[in-house]
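Protein chains in written order, with our numbering: chain A, 1 to 313; chain B, 1 to 250.
Rather than coming from a laboratory, the hints here were simulated on the basis of the structure. Be aware that a few hints might be false.
Stated by the list, open to error - Think about it this way: if two alpha-carbon atoms lie no more than 30 angstroms apart in a straight line, the pair counts; the simulated DSS-like pairs of lysine-lysine are:
id, chain 1, residue 1, chain 2, residue 2
1, B, Lys-73, A, Lys-203
2, B, Lys-186, B, Lys-208
3, B, Lys-208, A, Lys-3
4, B, Lys-186, A, Lys-3
What the hints assert, rightly or not - Per label pair, the in silico range of CB-to-CB distance:
id, chain 1, residue 1, chain 2, residue 2, range
5, A, Pro-155, B, Glu-148, 39 to 47 angstroms
6, B, Arg-128, A, Val-20, 48 to 56 angstroms
7, A, Ser-288, B, Ala-189, 56 to 64 angstroms
8, B, Lys-9, A, Ser-312, 46 to 54 angstroms
9, A, Met-106, B, Lys-9, 37 to 45 angstroms
10, B, Lys-108, A, Ile-5, 31 to 39 angstroms
11, A, Tyr-103, B, Thr-56, 14 to 22 angstroms
12, B, Ala-189, A, Arg-307, 35 to 43 angstroms
13, A, Tyr-103, B, Gly-143, 34 to 42 angstroms
14, A, Val-278, B, Lys-108, 55 to 63 angstroms
15, A, Gln-100, B, Gly-31, 33 to 41 angstroms
16, B, Gly-143, A, Pro-135, 49 to 57 angstroms
Even for Gly, the Cβ is constructed at its ideal location relative to N, Cα and C.
Below are the chains, spelled out letter by letter.
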Amino acid sequence: MNKYIWIAIVILGLLAPFVVYPVFMMKLLCFALFACAFNLLLGYTGLLSFGHAAFFGGASYVTGYLVKSSGLTPELGVLGGTLFAALLGYIVGSLAIRRQGIYFAMVTLALAQIVYFVALKAPFTGGEDGLQGIPRGKLFGLIDLGHAYTIGGSPLGLNLYYFVFVMFCLGFWIIYRTINSPFGQVLKAIRENEPRAVSLGYKVERFKLLAFVISAALAGMAGSLKSLVFQLASLTDVSWHTSGEVVLMTLLGGVGTVLGPLAGAFTVITLQSELSSVGSWITVIIGSIFVICVLLFRRGFVGELGRLLKRSL
Amino acid sequence: MTDHILVTKNLSKEFKGFTAVSAVNLQIQRGHIHALIGPNGAGKTTVFNLLTKFHTPTSGSIHFNGADITRAKPADIALRGIVRSFQISAVFPNLTPLENVRLALQRKLGISYHFWKSAKILNQLDGRAMELLDAVGLAEYSGEITAELAYGRKRALEIATTLALDPELMLLDEPTQGMGVEDVDKITALVKQVSTNRTILMVEHNLKVVATLADRITVLQRGAILAEGTYTEVSQDSQVLEAYMGSSHD
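Let's have the full structure, built from the sequences with the hints guiding it.
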């Protein structure tokens, strides 16, 4: 992928809050990062996890708890949430990578349901209410993330936005680097032909586990940021709907492409927000769009575009 | 005393009561091209999978260079110097031939877990990878997508990838299967060419290929060894003739 695409993404990201409602934009970034992290596993390692909400939501609870009850600064809260997701990813991954295909998906789903149950019942998660009113706090104890600037007559929470944007760029860069690293080459080999990768002497379980941990950690980072943006960690974040949503985003945008999950997350989130007035019919509408897209663009938007341009995006 | 690189002792494998391989004693001499032949269902591929640890033997043992590798894992034996090919072509289809070969070379750099490094670091392997591709006549296709290559070329790529690991013992599972006549000749010449300084054990249906290449042949039937010797010896063995004549009736 060439430099101009990178520069374009950064410039768009920097200017976005002056055009689009910042909270909406931050939601996009969080889910885009979540989808990118998920795609590292599905698109580049060939593992379909159906429990990624456990990492996203789990981290969002941990960050919420650390910031609200322990009074930590937001960057430490995000770090804590990310590390928690990495650890959880190590545990879930260790158990799940022993199985393949649909069984792998089922094991991840089952373990994610356990996390959901813990979030529902544990004393520090707020049960059905979740953790509400999570303070945004001061970054490094200095910069107030809750501060809103008045520009053109309307308040803009730019501090928080740029914090989220920088974290998004960091996460996205880690994923991009991982894909285009010696490690990423081995992951692609495993996706393409696992027995052959084994016969070349690669211990594929270790590679899969490391990929799983990286993916879980970054999904967790996305969830941590989300809890700061919405000041809320809720059961929705850990539910299997969220696990399904991220699969949807990735498939829509194009699995195994760098930009696909971004496009997919933007599409799904925008549709959800634009169609929120139609009520419960929204799932039917999004479902139909999904079916049509999958039939028309089997490789996803970005995948089809990449095929037309004969290059990987 | 002859130097045996690979020895199996009473190697057996049962699948739910069906004995696929029974008490096979193989002795592969270092530097030989050793062929494993036999009618369909004789257990050749099962023996292969046992040797490369894709199956675990029910009983018996496998020794490589004197070390017992009966319980080793598939990736471990690759590290010891045994590399196998597969009956269906074993390539990474959506990568280029260059990337395929580099993946085999990459392991020795010891950076395969380094997810924070740029893949550009692998460019140092391009020279060696191109040499290997050139050796199998694929240099001009190095940048194509492997999935789009002709079948014979995929098999050649597979051999180049296997060679990249510089294995002491190469296990080839039907290297010429499904190939046209010209390709068979090419692969035969290639196997001969790469056999210098290494040992090759191959499963092969094509008796012409076996006659041209093999220093020693083991004939399997119903999971057990029927005969062993040079091509001339084996081809005159009455039991072998019967097994092959018998199988040609159905």
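To see whether the hints hold, each was checked on the structure:
A hinted pair counts as satisfied when its Cα atoms are at most 30 angstroms apart, and B/Lys-73 with A/Lys-203 qualifies at roughly 9 angstroms. In summary, the hint linking B/Lys-186 to B/Lys-208 is supported, as the alpha carbons are separated by about 13 angstroms, within the 30 angstroms threshold. Pair hint B/Lys-208 plus A/Lys-3 does not hold up; C-alpha atoms about 56 angstroms apart against a cutoff of 30 angstroms. Proximity of B/Lys-186 to A/Lys-3 is assessed by CA-CA distance (about 44 angstroms); at most 30 angstroms being required, the pair is judged violated.
For the hinted restraint 39 to 47 angstroms between A/Pro-155 and B/Glu-148, the CB-CB distance of approximately 56 angstroms leaves it violated. The given range of 48 to 56 angstroms is respected by B/Arg-128 and A/Val-20, whose C-beta atoms sit roughly 51 angstroms from each other. The given range of 56 to 64 angstroms is respected by A/Ser-288 and B/Ala-189, whose C-beta atoms sit roughly 58 angstroms from each other. Distance hint check: the CB atoms of B/Lys-9 and A/Ser-312 are about 50 angstroms apart, consistent with the given range 46 to 54 angstroms.
At roughly 41 angstroms, the beta-carbon separation of A/Met-106 and B/Lys-9 lies within the given 37 to 45 angstroms, and the hint holds. Distance hint for B/Lys-108 and A/Ile-5: a CB-CB separation of about 34 angstroms, consistent with the stated range 31 to 39 angstroms. At about 20 angstroms, the CB distance of A/Tyr-103 to B/Thr-56 agrees with the hint of 14 to 22 angstroms. At about 38 angstroms, the CB distance of B/Ala-189 to A/Arg-307 agrees with the hint of 35 to 43 angstroms.
Distance hint check: the CB atoms of A/Tyr-103 and B/Gly-143 are about 37 angstroms apart, consistent with the given range 34 to 42 angstroms. As the Cβ distance of A/Val-278 to B/Lys-108 is approximately 59 angstroms, the hint placing it in 55 to 63 angstroms holds. The beta-carbon spacing between A/Gln-100 and B/Gly-31, approximately 39 angstroms, falls within the hinted interval of 33 to 41 angstroms. A C-beta distance of roughly 54 angstroms is found between B/Gly-143 and A/Pro-135, which places it inside the suggested range of 49 to 57 angstroms.
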